[in-house]
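Undergrad: The primary structure of each chain is shown beneath.
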Amino acid sequence: MKVGLFVTCLVDLVRPNIGFAALKLLEDAGCEVVVPATQTCCGQPGYNSGAREVSKTLARKVLAEFRDCDYVVAPSGSCSGQMKVHAVEDLFKGEPEEEEFRALAEKWYELSDFLLAVLRVDYTKLADERSIGTLTYHDSCSGLRELNIKAQPRVLLMDAGASINEMIDCEKCCGFGGTFSVKLGEISTRMAENKCANIRLSGAPMLVGGDLGCLLNIEGRLRRTGDETTKVAHYAEVLAGMVK
Amino acid sequence: MEVRSMHFKATASGKLNDAVLQGAMKKAKGKFVDGRAAAVAEIDVWQPMRTHAAALRDLTIANLDAYLLEFEANATRRGAIVHWAESAAEANDIIVRIARDNAVKIATKSKSMVSEEISLNDALDAAGVEVVETDLGEYILQLAKEPPSHIVAPAVHKTKEQVADLFVAAHHKPRLTDIPSMTLEAREVLREKFLSADMGISGANFVIAETGTTLTVTNEGNADMVTTIPRIHVVVTGIEKVIPTLEDFATLIRLLPRSAIGQTVSNYLTLTTGVKGEGDLDGPEQMHIVLIDAGRTKLVGSDMQEMLRCIRCGACMNHCPVYQNVGGHAYGWVYPGPMGSVLTPTYVGIENAGDLPNAATFCGECQVVCPVKIPLPDLMRKWRERQFTQQLRPWSERAGIAVWSAFATRPTLYAWSTRVAARVAALLGGAKRRITWLPGLDGWTDGRDMPAPTGKTFRELYAARRSGGGRLL
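Chains as they are written, first to last, in our numbering: chain A, 1 to 244; chain W, 245 to 717.
The set of hints was computed from the structure by calculation and includes no laboratory data. Glycine included, C-beta positions come from ideal geometry on N, C-alpha and C. Be careful, since some hints might not be right.
What the hints assert, rightly or not - One side only, chain A facing chain W, incomplete, derived with CB under 10 Å:
{"id": "1", "residue": "E53"}
{"id": "2", "residue": "L63"}
{"id": "3", "residue": "Y71"}
{"id": "4", "residue": "K125"}
{"id": "5", "residue": "L184"}
{"id": "6", "residue": "L215"}
{"id": "7", "residue": "N217"}
{"id": "8", "residue": "R224"}
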């Protein structure tokens with residue numbers, strides 16, 4: 001089974017560790033993983049800024065890069081939503097390329113969904129060696145509302161021995177919103193602060209999520225407000241035993 | 245109403261630091277969000293009902309002309325006079341003329357957002373008519389000389405202490421701070437107005453084509469007083485409010501109060517059909533129904549048409565994390581929250597809407613709770629696309645997108661530039677590996693650190709490991 005890894009632009013630039021964690025999880029499960037070297041971005045920042053044409057150009061680029069793969073997997077609900085939902089339902093809807101993008105959407109999975117639904121991994125055997133401990137989980141909006149990513153990461157984490165202290169409003173947006181976090185930074189910061197308050201209330205020493213954008217936003221606010229101890233990690237890092 | 249949407253960012257900033265408002269918003273959130281969730285859970289066919297309601301609204305809008313004419317015919321048959329107003333100004337002219345022709349001195353009003361759209365109170369005021377808002381929230385705001393901050397709970401941003409001060413100034417009575425006594429005091433003041441008004445003005449949540457009925461949902465019963473006591477009843481509403489049958493109303497009313505404030509049904513459903521008939525004890529001698537376009541027909545057949553489904557429940561704003569933090573006034577026009585971010589550019593022009601289409605993270609909660617399934621994020625994105633193509637966004641943002649496009653579409657250039665960026669950012673991050681200030685990204689770094697890259701990109705590290713041969717890890 002040939003699996004293409006869509007690394008995501010944020011992981012590539014800011015936290016490559018998440019990419020390697022995803023790679024390890026896939027390879028451990030027996031996948032032949034390819035990582036097309038020319039990949040850059042799914043196009044979502046442009047799409048949500050109104051630059052529709054360039055986001056289509058980038059979507060075509062992604063399509064071509066992963067044409068030979070049986071599956072495409074991304075450690076992000078946000079990029080996955082862009083390719084699985086927006087490319088098909090909006091960008092190429094009614095156009096000659098729609099079918100090709102529909103086919104790409106069919107074989108494209110968010111990482112936790114792929115591990116559970118396609119690879120059917122059993123992480124109960126990891127429970128002893130990982131000693132993950134207690135965490136609280138933030139549901140990222142695109143994964144949750146566009147792709148129904150809710151139970152998957154939790155099941156994987158709990159199988160691997162994690163104990164989850166759910167925070168209040170775990171489904172509430174953290175305020176990242178891509179360029180929103182810069183354009184309307186003050187509102188974005190307040191939303192991040194609300195999230196941080198709920199993380200503190202949960203009492204968990206670690207915040208885990210599935211989208212690096214949200215994680216950077218939340219971590220940035222935690223550190224700015226003097227919290228040096230709460231760990232912030234992608235679930236792939238946790239599952240792979242690669243939390244830094 | 246004056247448009248102040250272009251000042252969204254600055255106004256929102258003030259609201260974030262307004263402790264009184266923040267307290268009021270937190271209180272309201274529990275009622276709106278938890279209340280709705282509980283009321284929706286009562287109905288096991290909630291999702292199919294949403295689908296049905298969306299289809300019903302779409303079908304009605306697709307045949308808007310036919311249903312409006314049917315409504316006009318049936319309303320006329322029952323003695324009402326239907327007026328068609330293409331613009332806000334025309335609507336005001338019609339209503340002012342009715343007031344003048346009938347020597348109206350006092351008009352009582354039940355809640356109407358359309359009347360806020362057209363600034364009806366100002367027009368009547370200029371014509372010498374005393375207008376009295378009778379919805380308690382609207383009454384409070386009339387005393388405060390403020391516009392509503394919410395379409396269902398207009399004074400949600402006010403605390404009872406603020407209201408107590410307003411009542412002392414207006415009623416010249418001892419200051420009360422327990423809500424039932426305050427309500428009673430307002431009731432006494434309003435009772436006189438109800439009985440002395442010449443004209444009653446109401447909005448309409450729906451108008452029903454098959455019966456010629458206009459319909460108002462309230463919790464205070466004030467619409468009953470406004471529509472039955474004065475000799476003239478004026479209904480002012482948008483043309484998209486028409487629904488085909490009473491049966492359709494039965495569907496929509498199961499969705500509306502639940503979505504709005506978690507109520508199974510509102511305390512009052514006021515249905516008015518025509519004028520006082522022979523032998524009737526109550527009812528107006530004249531009934532005027534002013535159907536307002538003011539930009540609505542422009543939406544029919546456009547890529548924004550889905551917005552006309554809206555039944556004005558306010559669930560989108562109640563659940564919007566941006567609205568929850570900044571309140572309704574920041575949005576600068578009649579309709580706050582996601583619905584406002586779509587409607588304001590539609591009705592007052594995209595050039596006047598400023599940041600509104602961008603005042604969302606696209607978290608999608610609004611779309612999930614909308615009882616008629618309006619894809620609000622998609623519609624906001626369409627406005628962003630228009631802002632982009634019409635070059636209405638700041639140059640820095642446009643330059644940012646241009647640079648990003650140039651690099652992201654050229655893999656070699658991208659690989660090289662991210663290599664450099666990862667190294668520079670790692671240096672900037674220092675020992676603590678976080679950036680505390682970055683020019684151009686101060687929107688982020690004003691309130692948050694930026695966790696710094698580790699120095700090398702994934703693609704570099706991956707290439708290096710692959711050249712080492714074999715499995716990577």
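Undergrad: Hints first: check each against the structure and report whether it holds.
TA: To see whether the hints hold, each was checked on the structure:
| no. | hint | result |
| --- | --- | --- |
| 1 | E53 | 9 Å, holds |
| 2 | L63 | 14 Å, violated |
| 3 | Y71 | 18 Å, violated |
| 4 | K125 | 18 Å, violated |
| 5 | L184 | 6 Å, holds |
| 6 | L215 | 8 Å, holds |
| 7 | N217 | 7 Å, holds |
| 8 | R224 | 5 Å, holds |
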